[in-house]
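Trainee: So you can see what is in the structure, the chains are spelled out below.
Protein chains: 4
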Amino acid sequence: MRVGIIGVTGYTGNELLRLLFSHGGVEITYVTSYSYAGKTLDEIHPHYLEIIKPVLRSFSAEEAAEKTDLIFSALPHGESMEKVPLLRDAGIKVIDLSADFRLTDASLYPIWYKRDHCSPRYLEEAVYGLPEYNREKIKNASLVANPGCYPTSVLLGLLPLALRGKLVNWDTLVVDSKSGASGAGRVPSQNLHFPECSENFRAYRVAEHQHTPEIEQELGKLAGRKISLTFVPHLLPMIRGILSTIYVSLNNDNISLEEIVNIYSRFYRDEKFVRILPGPILPETRNVYASNYCDLSLKWDARNNRLIIISVLDNLVKGAAGQAVQNMNLMLGFKEEQGLETVPLRP
Amino acid sequence: MRVGIIGVTGYTGNELLRLLFSHGGVEITYVTSYSYAGKTLDEIHPHYLEIIKPVLRSFSAEEAAEKTDLIFSALPHGESMEKVPLLRDAGIKVIDLSADFRLTDASLYPIWYKRDHCSPRYLEEAVYGLPEYNREKIKNASLVANPGCYPTSVLLGLLPLALRGKLVNWDTLVVDSKSGASGAGRVPSQNLHFPECSENFRAYRVAEHQHTPEIEQELGKLAGRKISLTFVPHLLPMIRGILSTIYVSLNNDNISLEEIVNIYSRFYRDEKFVRILPGPILPETRNVYASNYCDLSLKWDARNNRLIIISVLDNLVKGAAGQAVQNMNLMLGFKEEQGLETVPLRP
Amino acid sequence: MRVGIIGVTGYTGNELLRLLFSHGGVEITYVTSYSYAGKTLDEIHPHYLEIIKPVLRSFSAEEAAEKTDLIFSALPHGESMEKVPLLRDAGIKVIDLSADFRLTDASLYPIWYKRDHCSPRYLEEAVYGLPEYNREKIKNASLVANPGCYPTSVLLGLLPLALRGKLVNWDTLVVDSKSGASGAGRVPSQNLHFPECSENFRAYRVAEHQHTPEIEQELGKLAGRKISLTFVPHLLPMIRGILSTIYVSLNNDNISLEEIVNIYSRFYRDEKFVRILPGPILPETRNVYASNYCDLSLKWDARNNRLIIISVLDNLVKGAAGQAVQNMNLMLGFKEEQGLETVPLRP
Amino acid sequence: MRVGIIGVTGYTGNELLRLLFSHGGVEITYVTSYSYAGKTLDEIHPHYLEIIKPVLRSFSAEEAAEKTDLIFSALPHGESMEKVPLLRDAGIKVIDLSADFRLTDASLYPIWYKRDHCSPRYLEEAVYGLPEYNREKIKNASLVANPGCYPTSVLLGLLPLALRGKLVNWDTLVVDSKSGASGAGRVPSQNLHFPECSENFRAYRVAEHQHTPEIEQELGKLAGRKISLTFVPHLLPMIRGILSTIYVSLNNDNISLEEIVNIYSRFYRDEKFVRILPGPILPETRNVYASNYCDLSLKWDARNNRLIIISVLDNLVKGAAGQAVQNMNLMLGFKEEQGLETVPLRP
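Chains as they are written, first to last, in the numbering used here: chain F, 1 to 347; chain S, 1 to 347; chain Y, 1 to 347; chain A, 1 to 347.
Bound conformation, chain F alone (with noise of 0.2 Å):
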């Protein structure tokens, strides 16, 4: 299969390119830059030197249906509900790692992205890429939405209970979250200058992040009724890894902790991504480095009568890159798991 990525020089282009070459099963055929259109991939990003030397493209939805069976669009927020139309009317499936076409409710873009949506129509089309609990809808689908990775951090910490919606005062639900500067993208700024960052940890768009209205949208999916949640991000001095503590009461004061480490067991059971941890094990970001693992542990606060659930996932790989992997394979018939087979990188 041939497949595309439109704006491979970004951290999550640039991670796409990197577990699609080892793949096995298929061709990259076409990349785009917008600012580096023209050059080839090694002269922007040298540790491509030798090993691929594609050619940077002009974004065009002729020449991507010509060349490709799937294009990943890893365009920025807003430039990709521009461009993905354009393919999807030129007949390619879709795999978008923005946000743009993860909300279902059009009304909720200007509100939290400070911008109209320029083509709702596509939002219906649009299957939110979380396989763990969507993977019928994503082998029949033809756009994806590429979760978030804060979302798919929390989401894959509350799934279990999701389903089971009425054990959980929702009302409760705080997600304190922290990532590492990945995450913000390769343009330099003030606050991601080394000397700033390095050395430094502080929360950012406190109860304002983008990120909260897809969770709540998901979650309230499966649980089947409006779920509202306090989300604040952190930022870590560090480059790959995301944790999430996701703190909630009950509605069952009798259930126990290991009943509930049964439901995620059982939910979790033929996850190949999915990992709960053993007793006493806590998750650390460096377990799931560079691969495409989400950690789980569930604790309970038996003195508040609190679950706390810490989930951890490297942001560029299952919180982008390696879940439109998995989308991928999905969509294309390969095996669920192709390319992300990895042990993760530790130290």
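One thing to keep in mind: the hints can contain errors.
If several chains are the same, the list does not tell them apart, and a pair holds so long as it fits within one copy or across any two.
Unchecked claim - Mimicking DSSO-like on lysine-lysine, the simulated pairs with C-alpha atoms at most 27 Å apart in a straight line are: (1) 272 <-> 53; (2) 139 <-> 114; (3) 299 <-> 93; (4) 226 <-> 114; (5) 299 <-> 226; (6) 299 <-> 139; (7) 67 <-> 335; (8) 272 <-> 335; (9) 335 <-> 299; (10) 166 <-> 114; (11) 226 <-> 272; (12) 299 <-> 272; (13) 299 <-> 53; (14) 53 <-> 114; (15) 166 <-> 39; (16) 39 <-> 226; (17) 299 <-> 114; (18) 137 <-> 166; (19) 139 <-> 221; (20) 272 <-> 39; (21) 139 <-> 39; (22) 39 <-> 299.
In case anyone wonders, no lab produced these hints; they're calculated from the structure.
These numbers were taken from a predicted model, which means no experiment stands behind them.
Start from chain F and add chains S, Y and A according to the hints.
Mentor: Okay, now just chains S, Y and A, sitting in the frame of chain F:
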């Protein structure tokens, strides 16, 4: 005045020495080390070369009494409860930086510290050394229990609310804290080995951390009721700094964020070392680096009627040695901020 | 083919396992650990959870011989020289990642490693495992001494010159190397304690590092004369990566940088894992991260008639486990690059 | 005394302010910023909140002359040469932290800084501000050119040898320097973007760095002959600190390391801020962190008759702002160490 430090070669002892060296009003006349007695300090810590060169002594309450007016004990938990009574019996004022005299209820020690308290009668004498609400008691104290790093960040973030205890729905209190690695001390371990701690993030002692009862005790005193909280600490891949994100619901839905900010601003108006950040600015650990400041922001999550308080401090300064110097200043009659008026180190 | 790893829980053993897991041509049938025998690997290293779960065995040459066709020894220096002879006597091919079989002159061990060599007769059998010039010998070897991380970076930087030994004024050779902390291994120590290693930089074993004679021996073989160099290693506050800056004067002032670059380019033309960087691009450790590449730049300081060669590699891959897999491929008849054709991890 | 800072919001301006705030003998009466004129400092740098709140002014030589007795110029190279003459013409003493007045030969500027010098007549007036050998000239200077960070580390490492110029084979001089990222300033760039700078190491401007002629000029003055060196800087993944490894051969093979150490010890005996480390202790950047110290070690590579000098300092303190304060103390008649006697920050 003459002061001494018991256990000077650990991180808090070392930081005390750094601060006291620039204090201007005290002479350091006695320092001890269990492991390195007989050597000079610069043999162990070459950054003191040609600056100070005290001989490290073995602990002796008699020698301490003879040579000093006040002793800082920077011993580990468990050891301090053995040595401090000897110092007190010799008539010396003590500021203890361990946890050994912070909990007034001796029965909590076996639960949280896994050992009985060997000198419970000193628990009554000890004053909890948070100057921002215990200032007068500290001035007259002979034994000050210097607060823990996490508790200081949480208590300063909640003090004004705790004093209006009925405003708060305390059952909803969740504290998600993140600390730099120096908080774990100077002894090497697998978890703090550079290749395992760098570029990694994890939670630890989830809802089981020994600082929990200390926070509950002090909040409870102020609020006039029993308080229980969910407390989850995390380890940051950086050296210095704590950030606590505090989530709590209020009982009064009609109070505005502005009113809450006013309550805080009034409470901390004359406090030198607590800064309420204006409007959009959020705390960053780097803005208090190597200084005695604690920076606070208050945010209101209107969608979920939840207050979010973010608090940062340097765990070795306001979270340990700086606060100890502040307490010493109160006990010995110095200006409270003497030796602590420095610009945070950034970058 | 069936392979085994002696000492799998250290950093090089662990990296071997990561690479061999994705190799495609070998089965890992035997792994040992001195400290953790009897446990499963994922009990020690949770990043292997649900990926591989071998039981860690105690070392037994008989079991190794029965279960494997080739053994990687990732034991520390000094231990390998005791175990490898047992494996060789049992008829198994061995790739030894320690320094124990690298020096052909047994009398150098007491000088640089502070111990006599206990099995000097195997020094003759051992082939120095740098495929870029020893390829044919490695193919037929039964015992390969896998090069050190520093030596690999230096030798690849000097190979083409060493083969034209008269071109170089060897008396002027200075090598200034910098390594990430993983090179020091997995055992915690004060120097590698996160708060002391992060945000810090230092030299160590100045002109006394045990990798010095290994570099001199191999350069000497190639140049056909005794070579002595000044070698100073430094410790970087990062996990992976070595950069060596090599300074040397030439005997021929008329040779141009272009000619030297041509010599290098020709020599490495068919080498998969050595990249001569084009013109203005300089090596960065991140461009070879988690990969088997070694990147080289050549610069001419015309003001001082001095050649500057900069060499980078990942100390755990081309500097250890990756090179060992490359050697295994040669010894077992696989394609030399099998299992090593990955895109470096960046960011 | 009243002092001012031109360009206070950059890293050196900011560090000057931090040091001068604790100096005790000066009042900061004038600070300027090109980008943020009209705002207060704490709007740009919140770590100054409630500490100092000066209004940032646009540059005016008249206002500077009226309000201050001495000005620190922390402008970028190229801008300083335009503003400093205006200040000097207005009769104010100036310490310039840029490179614009360091080279006495104006013809070197186009070669190394790619621009002509616009006010060469001030080059004669300027005194090179390295107190360790220019102390008396600095006391009487009206314009001090504050040395660069790299040159300070190299010159302090070579001063005693340069004064015995014939002892050294200057043709063999190689300097391999490594600097933390704050040396590159506050403006974000791709190279200093956290995900590209963290966990990465690289050389830059190999044998082309603009600090080279400054080192050669000052060494040449002391040695009484033309000196040329190979200088290669590298970028460390940390914020503060420079370590220079200096390689040089001696002309006299009979001199012992002990004699050389004695030469250094005698030369620096009364120098407060240069420390010759005893025997086995090697310099670490962390041992001088946030302080004005420069630590030196001397090692002899007997196998190659080569001297290795290792020098560390904090690039923002002894490498910039601290040295400027030291110079100010000399120029204004303060005790040379006033405001600089602090314990290095470790950890």
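Trainee: None of the hints should be skipped; say for each whether it holds.
Mentor: Here is what the structure says about each hint:
no.	hint	result
1	272 <-> 53	between (33 Å within a copy, 15 Å between copies)
2	139 <-> 114	neither (32 Å within a copy, 54 Å between copies)
3	299 <-> 93	neither (41 Å within a copy, 42 Å between copies)
4	226 <-> 114	within (23 Å within a copy, 44 Å between copies)
5	299 <-> 226	both (25 Å within a copy, 23 Å between copies)
6	299 <-> 139	neither (34 Å within a copy, 42 Å between copies)
7	67 <-> 335	within (23 Å within a copy, 31 Å between copies)
8	272 <-> 335	within (11 Å within a copy, 30 Å between copies)
9	335 <-> 299	neither (33 Å within a copy, 46 Å between copies)
10	166 <-> 114	neither (34 Å within a copy, 38 Å between copies)
11	226 <-> 272	neither (30 Å within a copy, 45 Å between copies)
12	299 <-> 272	within (22 Å within a copy, 39 Å between copies)
13	299 <-> 53	between (48 Å within a copy, 25 Å between copies)
14	53 <-> 114	neither (37 Å within a copy, 34 Å between copies)
15	166 <-> 39	neither (55 Å within a copy, 41 Å between copies)
16	39 <-> 226	neither (48 Å within a copy, 45 Å between copies)
17	299 <-> 114	between (37 Å within a copy, 21 Å between copies)
18	137 <-> 166	within (25 Å within a copy, 50 Å between copies)
19	139 <-> 221	within (19 Å within a copy, 59 Å between copies)
20	272 <-> 39	between (38 Å within a copy, 23 Å between copies)
21	139 <-> 39	neither (35 Å within a copy, 40 Å between copies)
22	39 <-> 299	between (51 Å within a copy, 25 Å between copies)
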